[in-house]
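Modelling step: build the complete structure from the supplied sequences, incorporating the hints.
Number of protein chains: 2
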Amino acid sequence: MPISFELSATDPGGLARRGRLTTPHGVIDTPAFMPVGTQATVKALTWDEVALTGTQMVLANTYHLYLRPGEDVVEQFGGLHGFTGWRGGVLTDSGGFQVYSLAKLRRVTDDGVTFQSHHDGSSHTFTPESATRTQERLGADVIMCLDDVAGYGEPAQRIEAAMHRSLAWAARCRDAHVTDQALFGIVQGGFDEPLRRESAAGMTALDLPGYAIGGLSVGEPKELMLETLAYAPSLLPPDRPRYLMGVGWPEDIVAAVAAGIDMFDCVLPTRLARNGTAITSEGRINVDSPSWAREDGPLDPECACPTCTSHPRAYLRHLAHAKEILAARLLTLYNVWYYQRLMRTIREAIEEGRFGAWSRGFRSTVPGG
Amino acid sequence: MPISFELSATDPGGLARRGRLTTPHGVIDTPAFMPVGTQATVKALTWDEVALTGTQMVLANTYHLYLRPGEDVVEQFGGLHGFTGWRGGVLTDSGGFQVYSLAKLRRVTDDGVTFQSHHDGSSHTFTPESATRTQERLGADVIMCLDDVAGYGEPAQRIEAAMHRSLAWAARCRDAHVTDQALFGIVQGGFDEPLRRESAAGMTALDLPGYAIGGLSVGEPKELMLETLAYAPSLLPPDRPRYLMGVGWPEDIVAAVAAGIDMFDCVLPTRLARNGTAITSEGRINVDSPSWAREDGPLDPECACPTCTSHPRAYLRHLAHAKEILAARLLTLYNVWYYQRLMRTIREAIEEGRFGAWSRGFRSTVPGG
Numbered sequence: 001m002p003i004s005f006e007l008s009a010t011d012p013g014g015l016a017r018r019g020r021l022t023t024p025h026g027v028i029d030t031p032a033f034m035p036v037g038t039q040a041t042v043k044a045l046t047w048d049e050v051a052l053t054g055t056q057m058v059l060a061n062t063y064h065l066y067l068r069p070g071e072d073v074v075e076q077f078g079g080l081h082g083f084t085g086w087r088g089g090v091l092t093d094s095g096g097f098q099v100y101s102l103a104k105l106r107r108v109t110d111d112g113v114t115f116q117s118h119h120d121g122s123s124h125t126f127t128p129e130s131a132t133r134t135q136e137r138l139g140a141d142v143i144m145c146l147d148d149v150a151g152y153g154e155p156a157q158r159i160e161a162a163m164h165r166s167l168a169w170a171a172r173c174r175d176a177h178v179t180d181q182a183l184f185g186i187v188q189g190g191f192d193e194p195l196r197r198e199s200a201a202g203m204t205a206l207d208l209p210g211y212a213i214g215g216l217s218v219g220e221p222k223e224l225m226l227e228t229l230a231y232a233p234s235l236l237p238p239d240r241p242r243y244l245m246g247v248g249w250p251e252d253i254v255a256a257v258a259a260g261i262d263m264f265d266c267v268l269p270t271r272l273a274r275n276g277t278a279i280t281s282e283g284r285i286n287v288d289s290p291s292w293a294r295e296d297g298p299l300d301p302e303c304a305c306p307t308c309t310s311h312p313r314a315y316l317r318h319l320a321h322a323k324e325i326l327a328a329r330l331l332t333l334y335n336v337w338y339y340q341r342l343m344r345t346i347r348e349a350i351e352e353g354r355f356g357a358w359s360r361g362f363r364s365t366v367p368g369g
Numbered sequence: 001m002p003i004s005f006e007l008s009a010t011d012p013g014g015l016a017r018r019g020r021l022t023t024p025h026g027v028i029d030t031p032a033f034m035p036v037g038t039q040a041t042v043k044a045l046t047w048d049e050v051a052l053t054g055t056q057m058v059l060a061n062t063y064h065l066y067l068r069p070g071e072d073v074v075e076q077f078g079g080l081h082g083f084t085g086w087r088g089g090v091l092t093d094s095g096g097f098q099v100y101s102l103a104k105l106r107r108v109t110d111d112g113v114t115f116q117s118h119h120d121g122s123s124h125t126f127t128p129e130s131a132t133r134t135q136e137r138l139g140a141d142v143i144m145c146l147d148d149v150a151g152y153g154e155p156a157q158r159i160e161a162a163m164h165r166s167l168a169w170a171a172r173c174r175d176a177h178v179t180d181q182a183l184f185g186i187v188q189g190g191f192d193e194p195l196r197r198e199s200a201a202g203m204t205a206l207d208l209p210g211y212a213i214g215g216l217s218v219g220e221p222k223e224l225m226l227e228t229l230a231y232a233p234s235l236l237p238p239d240r241p242r243y244l245m246g247v248g249w250p251e252d253i254v255a256a257v258a259a260g261i262d263m264f265d266c267v268l269p270t271r272l273a274r275n276g277t278a279i280t281s282e283g284r285i286n287v288d289s290p291s292w293a294r295e296d297g298p299l300d301p302e303c304a305c306p307t308c309t310s311h312p313r314a315y316l317r318h319l320a321h322a323k324e325i326l327a328a329r330l331l332t333l334y335n336v337w338y339y340q341r342l343m344r345t346i347r348e349a350i351e352e353g354r355f356g357a358w359s360r361g362f363r364s365t366v367p368g369g
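Chains A and B supply the protein sequences, listed in that same order.
The working numbering numbers the first residue of the first sequence as 1 and each following residue consecutively.
The working numbering numbers the first residue of the second sequence as 1 and each following residue consecutively.
Derived by calculation from the structure, the hints in this document are not laboratory data.
The list cannot tell twin chains apart, which means a pair is met if one copy fits it or any two copies do.
Straight-line Cα separation of at most 25 Å, SDA-like style, residue types lysine to any residue; simulated pairs:
hint	residue 1	residue 2
1	K323	N275
2	K323	G82
3	K323	E49
4	K323	R87
It should be emphasised that the depicted structure is a prediction, and the values quoted were computed from it without experimental measurement.
Structure below.
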């Protein structure tokens, strides 16, 4: 069964969309946030806890899972669902971004990308065909075309070449793809509008069931990202889900929803939690603060998650200060819960035609927003 | 409300005892195993999970909690129960053993022990009076007399002096103690039977509500520990709970129960779990083994814990190999569950008068046992 996508509401004064992505593993209400489960685990959480946060879909990283345990192992257990026990939706990225950001000695040709494992330096190659096949064996509901990732600040020529190569690779991924998993394309083109237009047009011509915007949140100034977001989503067909890869902070998600984005993933809520940072309705808080040593009351008074309803701030501060695993657990649960509560609030605001007003209010509460 | 202790069954052919320790925080069925919650958390578990394993009482370390967050903070939240949210029994050690094993530049006099924090080198002193007061403020159900700990291999003169000093300190702890928490004495004396007899007689004369055997499992050959266990518990009054500190492996617990011990604590199930080792009915297993990479089926086929009922061995192996927090979580839950299942089996065997036969069968299954 392939995926289907339907829009149930759009913001009357803007581009925000409320939709439903139906997958073989349940309906994903959009705009949706996917926590990152890099190595087939959302770090510090059980899968029951992931579900408890309201998460309907997670992202897993092909690069990591290809290296270990290997897609053959995952396939033997019926794909990521059977291997992990997670019953909701799964999306795998293509590995392109991780090769760009993690691997050593990356070498890209028109054929594919050769790289050294960040674990042991062993040499590997992803081609559009092999990356697609690997993701087919990992068995996610949504898989991504291999893309050639150029970073912020690289020469214009390299940005353009990476965009064209990503387009050619997407056609090869589509042709190689044999399962009924939904294959999404990734629009590239850096911060150059004509390149983004060309990429989006080329991707649209491939008639894929969904599209991602890649190459944002790669170190550029935030204004540049917001400028790109202002036009990039609308270049994509309105009846397909739009996924903004690797973004981000709550205020960026709200801005991207306003620009017509439907899906998000980001490591921030889980990574920050492991460093002792909570994302709250009043901004980011370092829990390991001397000022919290004797604080009674919950982490976030507005939150009903198990962390906020079970423990005073002083206990969380003690655990974070002592670098206890329970601190990572409780803060990860809290942060992911916060993101999913935010997404629920966003969806309700769109449904009720008041997203514009709500988002203006939200932005006014963000420090520096 | 002070504690009370009653024996409900004894092994007809031996010294094993089945009892109930009633505390302000519930009944603890004995023989009982207390997981260690050093810094007011059983590492990697929530308190709900600790309860799920069947745990009725935990141990927390006074040395660690005195250093951080400080007993004043814990007291402000109503003691360890209020601070952590744990509703079962709590026992705090006196700090003597941690000062011996962790602190730097330890200096013991008749007055007390001065030491440097292993965190920041700051200087601190525990006296019998201050260690008692600190434990009163931490608010555990059972607290321990400060003892002078001598290690295996120290000169006989030092072993004897430490025993006498521990006895004198126990009297001072008893005199200083003002709450209705149960204060247990700790028998010392190394591996010297006359010293152990003198210590036990002196402790018994103090008429404390319970007694521990300290100074075992400190690096000595296992035969020496078993030799001491053969006579040391019987030196203590039969109507008081007997607690063997810091022991240990499942086979040691079974041997100690056979010698008349009622209570145990040990870091092994939690510490080993974080290193990827599972304690199973078939011995210790390193979960991060290539031979498990494709293994279907549960960690321990005899176990009904969430880890064994939710995940195949291959997933656990992958998580342990990738050093994921979820590996520590799932293995800790499993290991503590295993210990509590063992204690339940022991209690039932004593109740039904078949502990001797059961323990012989158990020992025959232990590799090298």
